[in-house]
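> Each chain is listed here by its residues.
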Amino acid sequence: MSVLALDLLLVTALLWSGLQSLVSRNLFRSIVLFIVFGLFMALAWVRLDAPDLALTETIIGAGITGALLLNGVGQWHAKQRNKLK
Amino acid sequence: MSELALILAIFLLANLLVALLRVTRRPTPADRMLAALLFGTTGVALLLLLAYAEDAPVLVDIALTLALLGAVIGVAFVQRGWNQEREEENGRS
Amino acid sequence: MSTALLFPLTGAALFVMGVAGLLLQPHLLRKIIAFNIMGSGIFLILVGLGQRGGSPDPVSQAMVLTGIVVSVAATGLALALARRLLDLTGKMQLPVPGEDAARDGPDA
Amino acid sequence: MLPGTDRMPDVIPWLILVPLVWASLAFLRGPGRGGRLALAGLAVQTGLAVKLAMQISISGVQSHAVGGWGAPLGIDLYADGLSAILLLLTQVVVLLLVVYARAYFIAHPEGVSYFWPLTGYLLAAMNALFLSADIFNIYVTLELLGLTAVGLVAARGGTESVGAAMRYLLAGLMGSGLFLLGVALVYGTYGTVSIAVLAPLIEAEAPSAVFVAVGAMLVGLLLKTALFPFHFWLPPAHGEAPAPVSALLSALVVKASFYLILRLWLQPFAPLVTTAAAQLLGLLGMAAILWGSAMALSQTRLKMLIAYSTVAQIGYLFLLFPLVTVTSQEAAESALQGGVMQVVTHALAKAAMFAAAGTVILSLGRDDIGGLGGVASRLPVSIFAFALGGITLAGLPPSGGFIAKWLLIDGALNSGQWGWVVVMISGGLLSAAYVCRVLRRAFLPMEAGARFNSPARALEWSAFTLALMSLLLGVRSAEVLILLGIR
Amino acid sequence: MNLNEALPLLVLGSSLVPGLIIFFLAETRFRLRTALNLAGAIIKLLLIGYMIWGVMDNQSYHFRHTVLPGLDLALKADALAILFVSLSGALWLLTTLYAIGYLEDSPHRSRFFGFFSLCVTATVGIAMAANLFTFFFFYELLTLSTYPLIVHRGTDVAIRGGNTYLAYTLTGSAVLLTGVVWLYDLLGQVDFTYGGTVASLGSEYDGQLKIIFVLLIAGLGVKAAIVPLHGWLPQAMVAPAPVSALLHAVAVVKAGAFGIVRVVYEVYGAEFSESLGVLPPLAVAAAVTIVWGSLRAIWQDNLKRRLAYSTISQISYIILGTAMLGLISTVGGVVHLVHQGIMKITLFFCAGNYAETLGVHKISGMNGAGRRMPLTSAAFSIAALGMMGAPLTAGYVSKSYLSEGAQQANIIWAEWVLTASGVLNAIYFLPILYRLWFKSQPPAWPRKHIQARGGKETAWLLLIPPLVTAAATLAAGIFSESNWSPLFWVKIIAVREYSP
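Residue numbers (my numbering), protein chains in the order written: chain A, 17 to 101; chain L, 163 to 255; chain Z, 272 to 379; chain V, 745 to 1231; chain R, 66 to 565.
If you're looking for bench data, these hints aren't it; they were derived computationally from the structure.
Among these hints, one or two may not hold up.
Said to hold, decoys possible - Where chain L lies over chain A, by a calculated footprint (3+ residues, C-beta under 8 Å):
| id | stretch |
| --- | --- |
| 1 | 27-38 |
| 2 | 56-65 |
| 3 | 71-84 |
Positions of the beta carbon are idealized from the N, C-alpha and C atoms, including for glycine.
Could you put together the complete structure from these sequences and hints?
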């Protein structure tokens, strides 16, 4: 029963973070939420008995993709700032 | 998985969800950074717990990676996010 | 509802969210995030359905591993293009054909 | 594994490895380098493809287990007549396009960038796709093919190119995502991704998840093939790229996903496909023909006209499906032969047309159809190549397109589907109309004061060779169809 | 491959190979190009001569190449093929000579002669096609190779004419293709056979066969310019004179008429067509075309346009003859295939001469041209009289057979149509002859392009071809009963068609 509760909680977290990262009005927050989403994915892999995937997801899904996205948003912000000036 | 470990895990996950709420509702930027760091630590704790409960040492590696990631993201956050967040707040209000 | 179908169903929901985001969000970075969420959804379905019997399934995990690598490559390429567009147009959106009249010469 | 495979040296893995190797070498040599490597590599690959086709025609279907592992964990490669035809087609078209591209990028060096290594990787992905025997492997090759193709489109770097590339990438990612969803559902249902293993399982039982899977895979592949109404990404991507890239994409890359639709439709999913679905595909094909032709007729730029012509011709390919689904054996066979002939001749003709258009644009320094006056007398070989390509598109004798149209009409009449005959015939007439629109301009006298640079011979003759091949297939198509019969 | 198989290919190759070489010759290689053209034409005539001799000796010439299982490219030289091949071979030589003179100093001659040779190759292929697939193959090749000839001048009018031509003919051949594939679907390979092959299908296919007949005839009727499918022909006369000459005499229009002959006699069979009830409508269509073409011709002032409408009318004589059951009308129709060719090519050669030498394009400007250019005008007069059906000319022979055939087939209205058409022909040709010979010359001609030298009225290359064909017009009329006349051959063919 409580295994199901744990899974339900995890699934809720996944869906919530995923949805929020898509609809959030602030782009930076979207990316943070996406990284959080990656973390939940890693946990989901653990629950699915796939530790290799969990490791990969943390490094690649959350880590590398997150860093790339952060870098992208940084440039975008820089451009926006230049425009304002 | 023992009942105790499970309950602990659920508790930690609930913590994460609360942290998530902190990120999505718009508090101050500092709140957000703290929430993000909380993710890292709670995540690590959760993974270690699962490693212990399911007797799967490989999860410890994942926990370590996550800890590292938490640090990196924290730095990136401060470097990139802090100022912009504040600017956006100012720009909007 | 059994745990066996929980993750695949979540995957399906994530997939739908991702597709919707990919189609509806104008900002390219959001499109890229949406693509990744869509991919994660599929991976969840793949692994979730693969081990419905209860035991871990190495084949589906190997497939997802490959899939993650491929989608990171795609994300990298998409970000590079998005950045190029940012440099060229100052926006991170798909240019509307014909709007940007300043073409770069009549070459082939 | 077949008994014959041990005795003969295995060419299958080399068809994937050779392009990988030369592409990597070219990559190491830096931007703009590697034309010679590509030429050598393609000469080898063409030889390999010929050898494979010969092996198949002598001893039937060939297969190869990578690293000797075999399914389910290892990767199985598999080649039958259909794959051999497409492999051969790909190597030959690209070989000629490489000759073309070398001359093209000498005249137009700013477009080259990483053209050579990307072409190599693209070829590796495409060859692997034609040889794949399981649907997951197909997904990976499809994705890699899409990514390299996007790289090629973006190479020129202008707003239009990068925008087109981005649009192409997103459409492609969506397409392959849908395909992977299908793979996931199929795997979840049957626990295998091998086409050969799947076929009997699907025949035996197909729960509703599989229908969803097939639907998702089909839509994903349609998106990649740019069938109307999913064609939105194609004209900018094919029209904006440098001419050799346009030729490569229009001639071959869209055919790769079409090949997958055809293969999956005929092999593992045959028990699931319905007449209604086939008719729907046919109707979309018809819409593509009408829309693509109408748009081609209203374009002012030469390459966009050819790109829209590709949209229309893709529609033509999809008329195949109503004819092979739940019809008599004879009708289906005839239609399949016609469809494959159409794929082959269209690839040759479209490559020739884009190449010829590239030459014309290089020589005139402009891309509008209104400025084509005098080209017929200045660049007779290129215009001839373009016209021969147009004859193939219109399905007129003596071209291979005519044989294709004949077989398709035969299949349609044989299965009593009159309406499709009318569509096929009108499709041919519409292609004649837009090709003629270009040719009539080319025959007009040159405008006063127009610039003109004489192009290199290799540019003109490589296009001409491609066009000539599409023409000669009209009298030598029996060999192709015999090869197709080996399944 | 023995000689008997190779010969049909050689006949094709004798114009194809020079044509392909000519495409890639530089514009300035005038002598080489001329040599290639003439060599090709002469070799072709020699080969045809050899073939005629062989056919009389009961040799058979067949060539077959399998494109796909059940789909052969097949050539044969039967009597009907020989008739058409000889006509096109002979007229090609003359037209080439004429074109060399006509196009002196004009641009893009390599392109012109290249397509010209392709056009003749296609015509020869049509003549020798042994089945419907092969026929269609060359029929389309003809469409494609004539288009560049029509737009050759590159003017707006020429290009518009060319596009009209393409629009009509491509639509027509799409219809034809449907019919052909359908017939193949029913019968398998559709070889041309005396007496036809479709009768074997059985009566439950009659409905389908009627539809297919309509499709085939409609497709062929576009090129044969049956009203209302004739719209392209008057526009296509913007082409250079040698092209118009070839188009109207042997190539395009004739290909359509020839196809109808093949379909009626050797696919459906005359008797089966009659029993199917498809011949009377065809005869009516032909009759309407005959009258309509003649009527329209009367109002044209542009000489080539008037000739074009005259062609529309004259071609339907062939179709009318085909559509009436009976040996004699068949002879009349098929022999007109040849007779109309030599007469009409003469008229177009002459029209070209007036235009090139005097700059005269309109009939109203032809006053007194007979005295300025007596030889050309004499040739023109002979051919025009032939068209009217005057005795001693080729036209008389075909018309007398046709009207006798109409009597035999008991189609009274056909006789009226023939008579009416004869009168109309006189109405539109006699005024031209009157102007040529009896009106006085204008003070100056609009444009003197070719100077008369040494007593000649124009360049000799322009003069010889019409004189030869005019002489042939007379010869075919006067010596119609000899063993070498077209009539003799046609009688052999007709007998075979009726005794399968």
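> With reference to the structure, classify each hint as holding or not holding.
A quick look at each hint next to the structure:
no.: 1; hint: 27-38; result: holds (count 5)
no.: 2; hint: 56-65; result: holds (count 4)
no.: 3; hint: 71-84; result: holds (count 7)
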